[in-house]
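Peer 1: Sequence:
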Amino acid sequence: MDETDKMRLRKNRKVLVENITPKEILDHLIQEGIFTPEICDEISRDTRQDQVRKILNELEKKGSNAFGAFCDSLRETRHYGYLVDALENTNIDEPDMAPPKHEENSASGEGDGTSKTHTTPTIQRMEYNIIGDKNLTMIGSNVTVHNQKPEN
Numbered sequence: 001m002d003e004t005d006k007m008r009l010r011k012n013r014k015v016l017v018e019n020i021t022p023k024e025i026l027d028h029l030i031q032e033g034i035f036t037p038e039i040c041d042e043i044s045r046d047t048r049q050d051q052v053r054k055i056l057n058e059l060e061k062k063g064s065n066a067f068g069a070f071c072d073s074l075r076e077t078r079h080y081g082y083l084v085d086a087l088e089n090t091n092i093d094e095p096d097m098a099p100p101k102h103e104e105n106s107a108s109g110e111g112d113g114t115s116k117t118h119t120t121p122t123i124q125r126m127e128y129n130i131i132g133d134k135n136l137t138m139i140g141s142n143v144t145v146h147n148q149k150p151e152n
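Mapping the sequence shown onto full-length UniProt numbering, position 90 (from 1) lands on 90, and the numbers just tick up by one.
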């Protein structure tokens, strides 16, 4: 797998781990020759989230067609399209957002004309309404999926 695709997986890792049900994609990954049945059996022994983590770790070790096969396996389920969109639209050139830095120009800052400076990264927020009960929020290159409960 090339570095660009690895970065796409890494930047979306949290949302992937929280939302994928591995048994829905493993057969496709075997069919495409990305995983062997033995690897899938080993993966299946863990909790759901650990299974997804292992899938993502194993994918990074595979060839150049692994990312495409993974996206195809998500599309095939018909309810992970929003994850494929997030992966394919991830800006890998954008640095990860760091927490705001706090810089002090003076040890005391009392009456000596110095001031405190706060540097905060610019955060762009975009929300998308997703089919079904999912809501996707993108903040920079970070994606969060929220399950929405139907109103009574």
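Since the hints were made in silico from the structure, they are not lab data.
All figures in this text were calculated on a predicted structure; none of them were measured in a lab.
Careful: at least some of the hints might be erroneous.
[Unchecked claim] Heads up, simulated DSBU-like pairs for lysine-lysine below, C-alpha to C-alpha not over 30 Å straight-line:
no.: 1; residue 1: Lys6; residue 2: Lys23
no.: 2; residue 1: Lys54; residue 2: Lys14
no.: 3; residue 1: Lys14; residue 2: Lys62
no.: 4; residue 1: Lys23; residue 2: Lys54
Peer 1: Which hints, by number, does the structure contradict?
Peer 2: none
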